[in-house]
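Taking the hints into account, I'd like the entire structure generated from these sequences.
The listed protein sequences correspond, in order, to chains X and V.
For the first sequence, our numbering gives the first residue as 1, with consecutive numbering after it.
For the second sequence, our numbering gives the first residue as 1, with consecutive numbering after it.
Relax, there's no trap hidden among the hints.
Cut-off 25 Å, straight-line C-alpha distance, at most; resulting in silico cross-link-like pairs (SDA-like, lysine to any residue):
#	chain 1	residue 1	chain 2	residue 2
1	V	274	X	183
2	X	296	V	184
3	X	155	X	99
4	V	274	X	186
Here are some chain V residues the structure puts well away from chain X; computed CB gaps all over 10 Å:
#	residue
5	3
6	43
7	63
8	65
9	74
10	77
11	78
12	82
13	84
14	109
15	149
16	165
17	172
18	178
19	196
20	274
Some chain V residues well away from chain X (every beta-carbon gap over 12 Å; in silico):
#	residue
21	55
22	94
23	97
24	100
25	150
26	154
27	164
28	282
Worth flagging that the hints you see were computed from the coordinates, not collected in a lab.
Note that CB positions come from ideal geometry on N, CA and C, so glycine has one too.
There are 2 protein chains.
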Amino acid sequence: MSAGLLVVGSIALDSVATPFGQTADAPGGSAVFFSAAGAILHPVQVVGVVGTDFPLDALKTLEARGVDLSGVERAPGESFRWKAKYSYDLSSRETLETRLGVFADFRPKLPPRFQDSRYVFLGNIDPELQLGVLDQVKSPELVACDTMNYWIHSKRDVLLELLRHTDILMVNDSEARELSGDWNIYRAARWILGHGPRMTVLKQGEHGALLVSSDATFKVPAYPLQEVFDPTGAGDAFAGGFMAYLAATDDLSPGNLRRAMVYGAAMGSFAVEKFGIQGLAGVTLADVRARVRVFKDLVHFEVDEERGA
Amino acid sequence: MSAGLLVVGSIALDSVATPFGQTADAPGGSAVFFSAAGAILHPVQVVGVVGTDFPLDALKTLEARGVDLSGVERAPGESFRWKAKYSYDLSSRETLETRLGVFADFRPKLPPRFQDSRYVFLGNIDPELQLGVLDQVKSPELVACDTMNYWIHSKRDVLLELLRHTDILMVNDSEARELSGDWNIYRAARWILGHGPRMTVLKQGEHGALLVSSDATFKVPAYPLQEVFDPTGAGDAFAGGFMAYLAATDDLSPGNLRRAMVYGAAMGSFAVEKFGIQGLAGVTLADVRARVRVFKDLVHFEVDEERGA
Chain X
1 MSAGLLVVGS IALDSVATPF GQTADAPGGS AVFFSAAGAI LHPVQVVGVV
51 GTDFPLDALK TLEARGVDLS GVERAPGESF RWKAKYSYDL SSRETLETRL
101 GVFADFRPKL PPRFQDSRYV FLGNIDPELQ LGVLDQVKSP ELVACDTMNY
151 WIHSKRDVLL ELLRHTDILM VNDSEARELS GDWNIYRAAR WILGHGPRMT
201 VLKQGEHGAL LVSSDATFKV PAYPLQEVFD PTGAGDAFAG GFMAYLAATD
251 DLSPGNLRRA MVYGAAMGSF AVEKFGIQGL AGVTLADVRA RVRVFKDLVH
301 FEVDEERGA
Chain V
1 MSAGLLVVGS IALDSVATPF GQTADAPGGS AVFFSAAGAI LHPVQVVGVV
51 GTDFPLDALK TLEARGVDLS GVERAPGESF RWKAKYSYDL SSRETLETRL
101 GVFADFRPKL PPRFQDSRYV FLGNIDPELQ LGVLDQVKSP ELVACDTMNY
151 WIHSKRDVLL ELLRHTDILM VNDSEARELS GDWNIYRAAR WILGHGPRMT
201 VLKQGEHGAL LVSSDATFKV PAYPLQEVFD PTGAGDAFAG GFMAYLAATD
251 DLSPGNLRRA MVYGAAMGSF AVEKFGIQGL AGVTLADVRA RVRVFKDLVH
301 FEVDEERGA
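Next up, the structure:
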């Protein structure tokens, strides 16, 4: 079985400096990382906006992988640009510049065939726009959304309204702390579950990700990597793998949600191995499954109920 | 089967302030946390020193749980004291005072029956003293040691000599980074394996612990806790659980080493739930096994080789 998968989010030109090199105006943004990862598992429908300066080649590459860009508007003006620099150990980054460009006036409009999507990911954009997208989807089966500290502080009421229509809030653990006002991530997760979502996925960077629902907690560590080049987009690639796995299997059982977490973590690991979306280029389903098996071994142990300890 | 388990380390009076309260001159130190946790699984032999001011009740409580203190010297003078304050979210701490007292002139001497110990844990003390203890053990089966940044910088050569006689280096990930000069923990682990130990256990606080050998990597997350009161001693409680599980089962197979990691993580979780060693008081083997089962569920997923994704 299979079901339509929709993402709305930023389509950006990223200029990123890490200790290993830098990029200038490379394709990025939440919708791009999400669909570059997700398309490995399932077709993705993208809603977003680019300026007249956006390189068409980058979009064509995504289309060739099964990404439907008919919801991407081309507006007069400059594309959204983001410039950042990472610390020597990649553990922190500084945003040097954010230029909204055509994103400032973006009002997402879904092509008719996108309105039947059953799996919806609302990437980190203004919660009013996220709600606006959701209004256009006829009967979604699963709605997941991301947000960030900026919206948590500037549009808290709208965000809380969005949460009431969201099945899964997928944020960094620092964002969960900000939103809930609680530094303990398990209490922060409970707070989230009390405000609408029936699950929350907390992204923890080099420490993996956590799924919390009312009756289960599941942890997937990060994939063991000896070389990390660019952490940009890892969270969105995770979201793409997670949502695309669920759409491809059309199965929301607890066991399948756990597998989706592992597919997400595998996608995040490919994303960080090269600059921008290059790490996801050329990755096959077999590559992903090989990493899923490594994850299985990474955490596997047998309980010893009958032994002498 | 069962084998002697020896620990050398500090026996301290800790004064710790957290957002939830504070203690003054409470029993602590690496050897105390190690044995308070380890004794739940297996008898522990302790080598250390206390001053004439150390409360005998605290030691009697340990003895009642199967800790052999005949290697603890009572020297004229003050006990080792450590004073620290944690940040509001317990993520960092500041050491306010360290008074070595009788620890300054400590020269560990093993009672004859301790010299047959087969499982040896060298807690975080001067690497010269760690080597001095090891010299007195006749034929150890497994030697694990801890260290800290202070020794990495001030006694690097002695520490490297110690590593050549160590099976498992068990340190915080920040210490592994300092020692190896590499911020990537998997490369840091490889560096360690190239300098003597055949395994390394990297303790990652709220993110669990990692076991790396030449042919396997195993990750155990931290136990999901909604209430953490005092992180002091979690790493030593982990070490106590890990080593005591190995001594109790006398089994160094890869599968049993993984289980030992989980028992260690369970002990660390009990340690942080109350101040000092109180979190470990009253914990039974059944309590520990219940947490081991929770760990199993926390990371469990089935691989889907045959499915359609």
